[in-house]
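Kindly generate the complete structure, drawing on both the sequences and the hints.
Each chain, letter by letter, is given below.
2 protein chains.
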Amino acid sequence: MLAEIITIGDEILIGQIVDTNSAWMAQTLNNIGIRVKQVSSVSDDEQHILDALKLAESRAEIILITGGLGPTKDDITKKTLAKYFNMGFRRDEETLQQVSAIFAKANRPMIELNRMQADVPDGCVVVPNRNGTAPGMWFNENGKIFVSMPGVPYEMMYMMEEEVLPRLKTTLNVPFIYHKTILTAGIGESFLAVRIAEIEASLPEYIKLAYLPKMGQVRLRLSGSSRDEQQLHADINHYSKQLADEVREFVVVEDDIPLETAVMNIMKSNNLTLSTAESCTGGYLSHLLTRHPGSSAVFSGGAVTYSNDLKMAVLGVQASTLLEYGAVSEQTVKEMATGALQAFKTDYAISVSGIAGPDGGTPDKPVGTVWIAVASAHGVEARKSTFGNKRTQNIERAAASALILLLSRLKLDHQ
Amino acid sequence: MLAEIITIGDEILIGQIVDTNSAWMAQTLNNIGIRVKQVSSVSDDEQHILDALKLAESRAEIILITGGLGPTKDDITKKTLAKYFNMGFRRDEETLQQVSAIFAKANRPMIELNRMQADVPDGCVVVPNRNGTAPGMWFNENGKIFVSMPGVPYEMMYMMEEEVLPRLKTTLNVPFIYHKTILTAGIGESFLAVRIAEIEASLPEYIKLAYLPKMGQVRLRLSGSSRDEQQLHADINHYSKQLADEVREFVVVEDDIPLETAVMNIMKSNNLTLSTAESCTGGYLSHLLTRHPGSSAVFSGGAVTYSNDLKMAVLGVQASTLLEYGAVSEQTVKEMATGALQAFKTDYAISVSGIAGPDGGTPDKPVGTVWIAVASAHGVEARKSTFGNKRTQNIERAAASALILLLSRLKLDHQ
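If you read the sequences in order, they're chains A and B.
Per the working numbering, residue 1 is the first one in the first sequence, and the count goes up by one each step.
Per the working numbering, residue 1 is the first one in the second sequence, and the count goes up by one each step.
It is possible that some hints are incorrect.
Chain copies aren't distinguished; within one or between two, either way the pair holds.
Below 25 Å or equal to it, Euclidean Cα-Cα: the simulated SDA-like pairs (lysine to any residue) are [unchecked claim]:
hint	residue 1	residue 2
1	Lys105	Arg383
2	Lys241	Gln331
3	Lys37	Arg59
4	Lys144	Leu55
5	Lys365	Tyr154
6	Lys37	Ser58
7	Lys390	Val152
8	Lys345	Thr321
9	Lys144	Ser408
10	Lys54	Pro366
11	Lys365	Leu55
12	Lys37	Tyr84
13	Lys390	Ala104
14	Lys390	Asn107
15	Lys37	Leu50
16	Lys214	Thr338
17	Lys411	Ala185
18	Lys214	Thr28
19	Lys214	Trp24
20	Lys268	Asp413
21	Lys37	Ile207
22	Lys144	Arg391
23	Lys208	Asn308
24	Lys411	Asp256
25	Lys37	Leu55
26	Lys208	Thr181
27	Lys208	Leu113
Calculated directly from the structure, the hints in this document are not laboratory data.
Shown next, in the form of structure tokens:
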């Protein structure tokens, strides 16, 4: 069963916002066995939207549309859908009540522009929006399913989870899709490919292998679809185990989870606590940890010591160390980690100090130079990396390196 | 002049990664006056790629393709392009040297799979990749320009900035595009629309107004394109000023910059320093600040006090306050802010404590309850918000609220 996603809105096409909706939608669709054939981002332009609908309809059975449902003039998705299906409009009473309730709760007066949010093409089924004023719309037309949803991520997400996915599941009878991912670190894509070439060649036609490199990690993903769910799982798990065994020393975890989750899982099951001491990553490392529910079981907290003053005051880094070796040095990053261990009373502490750029580089410490350290009762170890000269990239790679170092330490200490 | 972006790779269509490349590319293309007509994400499937190329070619003059250039079997972009243009292959000597140099620098042996990265369709112009082994490819075919680039963001970005954009600029003679954005906070989209209805109606045909709502903020964006750059700028600036004057009390900044940059600009020009004390935002707030170059001029650092122990040890929050009022309370968040002010010796401190979810809610403090405070020599003030029950959303909205509160405080104190 194939779906297509059409996102509507000039803001994506001029690059003002990143389309995060599509990835989330694709993932949730995959989970119920629906494969996304194409994602198309088109402008708030009637003819362009009409064309995109026509093409999507020719390739897929389910067309999910987001965006362009706001109350203002630049939003034309609703009237374009009415034109596409040759429908008139009706005012939906339930939606009107829902919109009125939102305004009442917020204690704000309602104007005709808001009431018009309840006008929908007369041949659609309204999909309630519990978090906003623009209703979703479900069309069964031309033998296909079309669903139009708001572009605001959390409105769309609720609508998908509470309304659209359950309806799709009951309406369709789809084959199962199954993915299994192995997260590796410390080996390049081509070397992985050579190491596992024989296994790759032996894969049955209906199982695909993909290499997904990112930040010093490569994810190996096996995917397949079949009507026989049990056989599918058995086959993919069999080949996944073969792959993992072949490159065992580089395997972080045999699951599609982020690095930080793999770290926290090991720590949680060993009742270990963690703190952070960040300079160049500026809070990104603790954000990576705390974006996950339940992280408080492992992560106690940390310090973002951007200035040298705070490195000394909060983490107890010696002034003489900073003076002699500088903030980006093995000595400083080690003192940061041991300082965090003491100040925050955790079992492990990770620290990062580097030059994220674009400024601040010197000939012997160019932009992209990053020191990371891990401290615990077992001692402290540090490692240096040299990345490129993109700030965002350096921050992300530094955080990933710190997690990889911690993970290798944890494996030695606790597995 | 119209461009299309085609991103190739199953990882986007199964939602394993978010496509951040397209937004960045669209922005940089816009800056040189090229409008993106459509972004299409398609799978690593030959026929699908061929179809996407054909359709893109029918709508646009420039087709930029990313992804599918890795050395492994699942990457088929290069051979599909050769098929599309009916070309054979040649081994590019410069690319081979570049690839060899990368392997020599990393002290890694080279295998045939790596050497094959230097094979390109024989009718293309090679676009050098300074940061990876997959070369870019430029085709002048069918009266259109096609450029194929790697999907790895920083490889693509360098290639665009150093090679592709300069070549496009010299090759094309395009009209100017100009955007101007006003960032507002504290007023809903529909109310803004009513307030500025007359100005909106008076806009000339070639200037478009868009409303971009996000996290308690609405961006108003005026866009236009013209061959008369001076007139275009004058007109858009004229209407932009009218709009901003009409809703002056809600205007954060008349520029397309993030909230945190607006905050830091005010602080920098007043020589003010900032620290943070984060609980539920877990480092996200300091990450927002530090992801920008030059943030160290304003931001000294902060604490991520996830546990109550750290709230007391690092920020000096009273045990009795936590006991009597709880971690998510006006009293605690105020003590966190004043504690940060003292511990980190900054002019301002912002603190956040809330229940990000999905667990931890109670009847009187449901998931989504967030307290924020701002402290300075002028005193400390706190505000409560109630968001929804999505963790990521709550973290992002809490950080935005804290910045909005700080901004309103700064405007009272320093403008």
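Inset, instruction - Check each numbered hint against the structure and report the violated ones by number, ascending. - result: 2, 9, 10, 11, 16, 22, 23
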